[in-house]
Amino acid sequence: MTVEEVLELIEAKDMTPETDKNTEVSCGYTCDLLSWVMAHGTAGMAWVTVQTHMNVIAVASLMEMAAVIIPEGIEMEAPSLEKAKEEGITVLESPLTAYEICARLAAKGLAGK
Amino acid sequence: MAVLLEKNFPVEAGAFTTAGEASTTIKRTLKQLGIGPEVLRRVSVACYEVELNLVIHSRGGTLTLLVDPEKVTLISKDVGPGIPDIEKAMTEGFSTASDEARTLGFGAGMGLPNMKRNASEFDIQSEVGVGTTITMSFALK
Chain A
2 MTVEEVLELI
12 EAKDMTPETD
22 KNTEVSCGYT
32 CDLLSWVMAH
42 GTAGMAWVTV
52 QTHMNVIAVA
62 SLMEMAAVII
72 PEGIEMEAPS
82 LEKAKEEGIT
92 VLESPLTAYE
102 ICARLAAKGL
112 AGK
Chain B
4 MAVLLEKNFP
14 VEAGAFTTAG
24 EASTTIKRTL
34 KQLGIGPEVL
44 RRVSVACYEV
54 ELNLVIHSRG
64 GTLTLLVDPE
74 KVTLISKDVG
84 PGIPDIEKAM
94 TEGFSTASDE
104 ARTLGFGAGM
114 GLPNMKRNAS
124 EFDIQSEVGV
134 GTTITMSFAL
144 K
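If you're matching them up, the sequences are chains A and B in order.
Each residue of the first sequence is one higher than the last, beginning at 2 in my numbering.
Each residue of the second sequence is one higher than the last, beginning at 4 in my numbering.
The set of hints was computed from the structure by calculation and includes no laboratory data.
Check each hint, because a few of them may be wrong.
What the hints assert, rightly or not - Once the Cα atoms are required to be at most 25 Å apart in a straight line, the calculated DSS-like pairs of lysine-lysine come out as: (1) B:K91 with B:K10; (2) A:K86 with B:K34; (3) B:K91 with B:K119; (4) B:K34 with A:K22; (5) B:K34 with B:K91; (6) A:K109 with A:K14; (7) A:K114 with B:K91; (8) B:K144 with B:K91; (9) A:K22 with A:K114.
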């Protein structure tokens, strides 16, 4: 599944139009504890989190994730979006809950970690 | 062993917005040196954790990156406050992080265990009132 397909599936807004949407997503994950994500994250992951500060981008970039997904219409902070563009990390904002996002991705065959 | 590269990164206490910048720079530097993805990932995780520990818990410190043909070494040296009980601090799930840090998603009590898990060698020395030094190496072969 590509980032573009994820974007459509979860009715998301693309907050970083500059990044490549043909990137392959390897798996899905949701967690709001950054250290936990550092321990369990993998490359190519699509990560759902309600955290919107800059460190989310640092974690996603260090783990070489495919995308960060912000659920429930929450808006990512502007400095974080700037950082995301710099680091080439895709940020998607979805009106759906984290639960619904994961359910839709799983139903289409995207594996958990 | 001949040191190929040595770089120092000052890390400010409480600087949550810039936290992770030293780790990002270190990862980029190592990538340019041709360090493989597996070691790169382990260094990145440990480096981020130790950088965040400096931001969350210390009164400020320095992160030093050393590269030689055998290994990558990270040294974190701070100016206090020191850890009273290292064994407790090393326990997964134990954290003394502030409410501010926890609100941002830190303080899961995974930092030190994550470092130890990812480093080939891990050493922590701490004295209350003086400071903490963490030395981690990552074998390249």
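>> Let me make sure I understand: some of the numbered hints might not hold for this structure. Which ones are they, in numerical order?
In response: 1, 5, 7 and 8
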